Structure formats: C-alpha cells, structure tokens
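**Q** Residues per chain, in single letters:
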Amino acid sequence: MTIKSSVTSTAFSRRGFLGFAAAAASAPLLAACGGGSASQSGGGSGVIKFWDMPWATPAYNDAAKKIAEGYAPASGNLKASYQTIQWANFYQTFSSAIASKTGPAVSTGGGFQAFQFEQQGQIAYADKVIDALKQNGQLADFLPGVLEPFKTDKGYVAVPWQLDIRPLWYRKSLFDQAGVAVPTDWPSLLEAGKKFKSMGAVGFATGSGAGNNIGNHLMIMMMLNNGGGVFTPSGELDVMNDRNVEAIEFLLELVSNGIVDPAAVSYTTDNLNAQWKDKKAAFGMLTLGVPQRVGDTSGDLVVASPMAGPHGDKAALIFPNNIMMYTNTPSQASSEAFLVAYLGQLKQLWQQKLMNALPVFKSITELPEFTSDPNNVKIVKEYVPIAKTFAAQGTTLNANLAVLDGGQALNQFTQTILTGKTDAKSALQAFQSGLQSVLKK
Amino acid sequence: MALTTAQTGLSRARRGVAPGGPGKPVNRKSKLSAQTRKTFFWLLLPSVVLLILIHGYPLVYASIQATHDGSLLDTGEFVGLDNFATVLASEAFWKAARFTLIFTIVGVFGSWLLGLGLALLLRTKIPAGGTFKVLLLLPWVVPIVVSSTAWNWLVGTPDSLIPSICRNLGLGTPLFLADPTLAAITVMVFKVWVSFPFMMMMTSAALASVDTTVYEAASMDGATRFQQFSGITLPLIARSTYISWILMTIFCVNDFPTIYLLTGGGPVDATTSLVVLAYRTVFQDFQTGPGVAIAFLMTITLVVISVILYRQIRKSSVE
Chain A
1 MTIKSSVTST
11 AFSRRGFLGF
21 AAAAASAPLL
31 AACGGGSASQ
41 SGGGSGVIKF
51 WDMPWATPAY
61 NDAAKKIAEG
71 YAPASGNLKA
81 SYQTIQWANF
91 YQTFSSAIAS
101 KTGPAVSTGG
111 GFQAFQFEQQ
121 GQIAYADKVI
131 DALKQNGQLA
141 DFLPGVLEPF
151 KTDKGYVAVP
161 WQLDIRPLWY
171 RKSLFDQAGV
181 AVPTDWPSLL
191 EAGKKFKSMG
201 AVGFATGSGA
211 GNNIGNHLMI
221 MMMLNNGGGV
231 FTPSGELDVM
241 NDRNVEAIEF
251 LLELVSNGIV
261 DPAAVSYTTD
271 NLNAQWKDKK
281 AAFGMLTLGV
291 PQRVGDTSGD
301 LVVASPMAGP
311 HGDKAALIFP
321 NNIMMYTNTP
331 SQASSEAFLV
341 AYLGQLKQLW
351 QQKLMNALPV
361 FKSITELPEF
371 TSDPNNVKIV
381 KEYVPIAKTF
391 AAQGTTLNAN
401 LAVLDGGQAL
411 NQFTQTILTG
421 KTDAKSALQA
431 FQSGLQSVLK
441 K
Chain B
1 MALTTAQTGL
11 SRARRGVAPG
21 GPGKPVNRKS
31 KLSAQTRKTF
41 FWLLLPSVVL
51 LILIHGYPLV
61 YASIQATHDG
71 SLLDTGEFVG
81 LDNFATVLAS
91 EAFWKAARFT
101 LIFTIVGVFG
111 SWLLGLGLAL
121 LLRTKIPAGG
131 TFKVLLLLPW
141 VVPIVVSSTA
151 WNWLVGTPDS
161 LIPSICRNLG
171 LGTPLFLADP
181 TLAAITVMVF
191 KVWVSFPFMM
201 MMTSAALASV
211 DTTVYEAASM
221 DGATRFQQFS
231 GITLPLIARS
241 TYISWILMTI
251 FCVNDFPTIY
261 LLTGGGPVDA
271 TTSLVVLAYR
281 TVFQDFQTGP
291 GVAIAFLMTI
301 TLVVISVILY
311 RQIRKSSVE
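Just so you know, the sequences run in chain order A and B. Each residue of the first sequence is one higher than the one before, starting from 1 at the first, in our numbering. Each residue of the second sequence is one higher than the one before, starting from 1 at the first, in our numbering.
Keep in mind that a hint or two might mislead.
Stated by the list, open to error - Non-contacting residues of chain B with respect to chain A, defined by C-beta distances greater than 10 Å in every case (computed):
{"hint": "1", "residue": "L45"}
{"hint": "2", "residue": "L81"}
{"hint": "3", "residue": "L101"}
{"hint": "4", "residue": "L136"}
{"hint": "5", "residue": "I162"}
{"hint": "6", "residue": "R167"}
{"hint": "7", "residue": "L175"}
{"hint": "8", "residue": "M201"}
What the hints assert, rightly or not - Simulated crosslink set (DSS-like; lysine-lysine; CA at most 30 Å straight-line):
{"hint": "9", "chain 1": "A", "residue 1": "K128", "chain 2": "A", "residue 2": "K65"}
{"hint": "10", "chain 1": "B", "residue 1": "K95", "chain 2": "A", "residue 2": "K425"}
{"hint": "11", "chain 1": "B", "residue 1": "K95", "chain 2": "A", "residue 2": "K440"}
{"hint": "12", "chain 1": "A", "residue 1": "K314", "chain 2": "A", "residue 2": "K128"}
{"hint": "13", "chain 1": "A", "residue 1": "K279", "chain 2": "A", "residue 2": "K378"}
{"hint": "14", "chain 1": "A", "residue 1": "K128", "chain 2": "A", "residue 2": "K151"}
{"hint": "15", "chain 1": "A", "residue 1": "K421", "chain 2": "B", "residue 2": "K95"}
{"hint": "16", "chain 1": "A", "residue 1": "K154", "chain 2": "A", "residue 2": "K79"}
{"hint": "17", "chain 1": "A", "residue 1": "K195", "chain 2": "A", "residue 2": "K172"}
Just so you know, these hints were derived from the structure itself, not from any lab. Keep in mind that this is a model prediction, so the values were computed, not measured. The beta-carbon is built from N, C-alpha and C at its ideal position, and this holds for glycine as well.
Build the full structure now, drawing on both the sequences and the hints.
**A** Listed below in structure tokens is the structure:
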C-alpha cells in the first residue's frame, strides 16, 4: 500500500535543496579557513594599540587598561589604547588582524606567540627597549634568567612581564591524617602515594581532559625533574633520551599503582579543582594561587619543596609570559616608549593583588602585598632558581614550542601515559614521531 | 485514478506545460521583456554578491590554503595535492573518519528512532501533552556549553552521579570519559540526547499532515497496528524522514562542540572526529594546509551523501 502524502506535494526544488545542502556541508570548510574577528582598525590610527589577554579576573583588565590609557607620552610620541582579547581562538584573532594590518602595535599573548610571528616577519625586536631599561635601572631588576630565553641572533623577540610556573602543592591535613612526610624525592612520593591510595585519596593529582593542560605540563616537568627534556641544549629534538625514559617509567609506575587517579585522563580543570577542594587530592603539580583557585584559603593547601629526581636533579617548569611589539605600528619609537613605561607600572597589578602569576622584577617580589603569601615567597625562593622552560635542555625559546605546548602530539602522549596501557619507550617513540611530523625544521 | 491524474499533472508541470495547455513546453523566457529581465538582474545582484562574499571567497581562499604549505598569515609555497596525500596517508585521519562515521550513524538513527517514538507517543492524547512536548525540546534548546557541563557532572569522575549509582548497584565504577570505548559511547549517547528533539519536531510535523481517515480505512480493512505503521505512517512521512536524515548527517559530521566540550577528542583520540581533527591540525599543530584539506574532504563527502539522500527523496516522491 503506497499513498502519496500531502507532505510530498509541497514544492521542493532540487536546485534549492542541493544549494542548501551544499551550503550546510561547506560549513567545516568555511570554519577551517575563516578568519578571526579583528575588532579595531589599523595601526595607522595615531595611537599605539595595546592588546592584552584576560590574565586574571576582569578587575585585572580594568587595572591594566587604566595603566595603558593613563600613559602620558613624551612629546612626539603617541598615546596608547587598550583592548582585551579573549583566549578563545586567540591565535586566529591575532593572525587575522595582523594579516589585514589591523593588529596591535604592542600585545601580550601566548607564551610562544612572539616567536611564531617573528617567523612571519611581523615582530619588531625589543633591543631598544632593553637599552632603555638598562638606562632606567629596570634591567638589573629582572629576576635571574628570565630575559635570556627571548634573545635570538636577530635581537630580543619580546620582553617578559610575568612568570607562569608549575609548583608542587600538598594538602597538609591529608598528610597529617596519613602520617606520612611530604615527598622530597620519587621513592617517598611512591610510598606516600600508596598510603593515600589505601585511604581512598589521590597521591599524585593531575588531569588531561578537555581544555586541561596540567597533565601535559606534568609529563615535561617529570622529564626535567630527572635531568631530561624534549630538546638538546642546541635545540635538536631529543625525546628518547634515557632520563626521559626513566621519568616516564616512574609515571607509569604511579599510574599502575593507582597513585594517579585512573580517571585523570578525562579530568577537566574543574574536575581537578574539585578534587583538591573536596580533600581528595593530597599532592600534585598545579599553577600558582591554588588556594584561591579552589576556594580554600584556610592554609591547608601549601607549596611543597621541589622533589629530587633519582639522580639528584631538581627542576620546575616555567612559562615566561611576555609583551611583544609588531612591525605594523604607527610609530616604532612610540611602541618602545609605551612598553618601557608600561613595564615601569607593572607593580601596581601586584600591589592590588590582581595577578595570579609571579613578577619578573625582584622589586615586586619584595613588595609586602606579594610577600604576605608564604606560598609565593617559597615559589620565588625555591622554584624560580631551578625553573626551566619547554625548550630544555635548550635555553632559548622558539616557535616550535607552541606546537609542543598546545599540539596533539603531547596531549596524545599524556593521555596514553595516564591510561597506563603502554610502556615508556613505545609512548616516547610515538611522541617523538608525532612531534617530528609537525615541527618546522 | 486521482493518483494518475496527479502524476500526469506533475509530469506536465515538470516539462513546463501549463494546465490545459497544448502539451508543448512553454518558453518562459520569451514572456519576460528585456526590461523585466534587467530588473530581475538588479534585484538579484545584491544576493549574488553576498553569496559570493560569504561562500565564494572563503572557498577560494580555502582551496589556496589546502594546496599550499603555509600558515594563517602566510600562504606559503604551492604544494599541489601533497596536503591531501599527507592527510589520506595519516592513521589519525582514518581513525577520525571511522569515529565520525559511527558517530553519525548512531547520531542520525538513534535520534530519529527516539524522536519518532516520542512523536508517535505525543500523537496520542496524554495528560499535559503540551508541557511534555516543551520539556522534551529542552536538550535541543539548552546551549551545548551548559548541557556538556551538566553531562560532565553526571559522568566525569568516579564520584559523579551515574558512576556512583552503578557502584551502588554493584556494577563497578565505570569511567565514562576516561575509558576510550565508554567515552565514545558516552559522546554518541550525548549526541542522541541533544538531537532527538529536532527529529521529534520534524516527525511530529510530518505526522500532523497525515489524514487520520486513512488509518480508519486501513483498520476497517483489517490492517494491524504494525501494518498501519509500516504501510501507512512510514511511507507518508518518508520525505520528511529523508530530509531530517540529511540535515542530521550534516549536523553530526560538522559537530564540534558536543565532542570538544565533553572529551576534547580524547582519551587518546578515541572521540576525535574529522572536524575536531581539522581544528586541532590548524589551530594546535599550526598545520594549516593539511587541516583545510581535511575540511575539504569532509565537505566533498557531505555533498555526495546529501545528493544520494536527495535522490532517495525524489524517488519517494515519484512513488
């Protein structure tokens, strides 16, 4: 029995439908090639456009805007405007704006963004800014080692302004309850972890779910903690070195013993924060400001001293965030003058307790507003001197590190380790192959 | 008889023959004066320009990117079809293609079956049917960011609600997002949950146009409920069904947020679809050419599927 439905009698054009289907089907293509939105017009507007990221709460951006727009240039230099750029698709936003000559003259941004745009010839070197900082005395105020990673053969690609570091944290009450000491090396981490496992707590908390890169950073930190790293001192890829293998074998041991949560592979930042807040996580690597982040400022969450690896190495992972200048500017001299002035006002952000990052200037680390938090003091004293970047064992940052930091190879490697269904050498080999296929020679 | 008349009329109309006309195609162009054609041209021009800008320019730019070894900023060197060859030789691409296929099949037919069932249920007189209908639309209406967060709360950790219930029932503690197989199943179930209201609405609209006297006649002829469903309901709503399949296929293949917000494509790429792979290739690995090549391959596949299903619609119309 077949009956013609009244629905079928509706006018239905073949071309019309195919046009609609093709348009809908082309959505991925349009999405893949679509540009981000550049929300301001070009650099020739007679003002230095400063683009900044939401580094902390909106109050931070308000304060930074006040500094930028309150900048009073010397005669002949241009004033500055301020705009917040969201992290979502930020690289696309910058790329589109730069390509259309509507980008900023000065900006903060991704940790390795300056090197990526330097490759494209879009970055103005900051050597004159460094000279000016030398003259006004600020150069000597930089913490040791924070400026050097930005120096290339052609000049300083950017100037650091804050440090994002990955210290180890522990929950004091859980350690008291377990009656174990805070780990100082890998064997003591293993033993403490087993005790926590028996209590139903997590001995080494991490996560690599959607949008959470803590797990990725943990992998690299453990390599560094064992004297390893992804690169040689000269910058060659060196994933398969013995120290890395040893570090990953240890991580797999933690996973197989249940010291790393079996579900950590899927933990988002919220899941991980909840684990710390709910007193399930005893020990782990996280960012700065964990008490504020998880909403427990009782003093129970404390920064641990750096652990020693089996060969006595100590290291921490650090991301020197930076301010860069672009070649597309209405006045390079004005960009430089603004940057020097802005760096001189940074301390206000820490004085107002708006920053969830370490300062790059010693003078700011000595401010009472900063030293009032003992965790901050400990990080500056114990972690900063041993901190290494993603470039380790190399020292100079480069554009390839952006691929390492946010790319698929490291994320897949991390998730493989956290599921525990692999061996160290196979996982590292796959990691190396993945990196080789995407890194620029 | 009426059917024959209708078909004949349709056939004449398709040939451009006016009702009661001489049987020869009418040359419509000849009826339009030069001035009218000119007016039409100027009226259409803004739309055509807009379409070229919206679709034409990005398509051309994307094809340039797909055939060059560049970045978002710099076009780079021409590499011909190398990016396509690289993508097609990549294990990650085929793994993502396999997941996309399964995700789409489950997403389309799972949501259709659920939507059809609920649409049939809502046809019967149930108390508070209107309210029930509105509530059933919620998964489609609620922003995906909100629903994915809610699902993460439900299944994300061993202490979440669903794993806790499983544990209390003695079923162990399933790691819904941490186990690759369970994560893939969870994402598909989430997609079905998000999509069934759309299918329900499409099917409800189609069912509303079916004359109920047909069922009465069939019932008098002794047709069982199943015979009525398979012999009357399904054929009558076939065209709407095919359209909803096409649309849902496109929605599933292009679905980025459902997957990315819930699992990010993990664990270990177990839920990485082609659109997620394209995104990560362009914006995380900064491999613009291969990423756009993936998007091109997706587009071609979707157009082919759409054409095949469209032919099915025409076939069902003729029947």
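**Q** It remains to establish, for every hint, whether it holds in the given structure.
**A** Evaluation of the provided hints:
Distance check on L45 of chain B: its Cβ is at least 17 Å (rounded) from any Cβ of chain A, clearing the 10 Å threshold; non-interface status holds. Distance to chain A confirms L81 of chain B as a non-interface residue, since its nearest Cβ pair spans about 16 Å, more than 10 Å. The Cβ of L101 of chain B lies farther than 10 Å from every Cβ of chain A, with a closest approach of about 15 Å, so its non-interface assignment holds. Here L136 of chain B stays apart from chain A, with its beta-carbon at least about 22 Å from theirs, past the 10 Å limit.
Once the 10 Å rule is applied to beta carbons, I162 of chain B is consistent with being away from chain A; the minimum gap is 13 Å. The non-interface label for R167 of chain B is consistent with chain A: the shortest C-beta to C-beta separation is roughly 13 Å, beyond 10 Å. Listed as outside the interface, L175 of chain B is inconsistent with that label: its C-beta sits roughly 5 Å from the nearest C-beta of chain A, within the 10 Å cut-off. Non-interface status of M201 of chain B relative to chain A is upheld: no Cβ of that chain comes within 10 Å, the nearest being about 14 Å off.
A threshold of 30 Å between alpha carbons decides the hint, and for K128 of chain A with K65 of chain A the separation of about 24 Å falls inside it, so the pair holds. Simply put, K95 of chain B and K425 of chain A have alpha-carbon atoms about 23 Å apart, close enough for the 30 Å limit, and the pair holds. Proximity of K95 of chain B to K440 of chain A is assessed by CA-CA distance (about 25 Å); at most 30 Å being required, the pair is judged to hold. A C-alpha spacing of about 35 Å is found between K314 of chain A and K128 of chain A, which places the hinted pair above 30 Å, so the restraint is violated.
Restraint check: the Cα-Cα separation between K279 of chain A and K378 of chain A comes to about 22 Å, which is no more than 30 Å; the hinted pair holds. Restraint check for K128 of chain A and K151 of chain A: the C-alpha separation of about 13 Å stays at or below 30 Å, so the hint holds. Proposed proximity of K421 of chain A and K95 of chain B is supported: the alpha carbons are some 18 Å apart, at most 30 Å. Our distance criterion of 30 Å between C-alpha atoms is met by K154 of chain A and K79 of chain A, whose separation comes to about 28 Å.
Only pairs whose Cα atoms come within 30 Å are accepted, and K195 of chain A paired with K172 of chain A is accepted, the gap being roughly 15 Å.
Hint violations for this structure: numbers 7, 12, all remaining hints satisfied.
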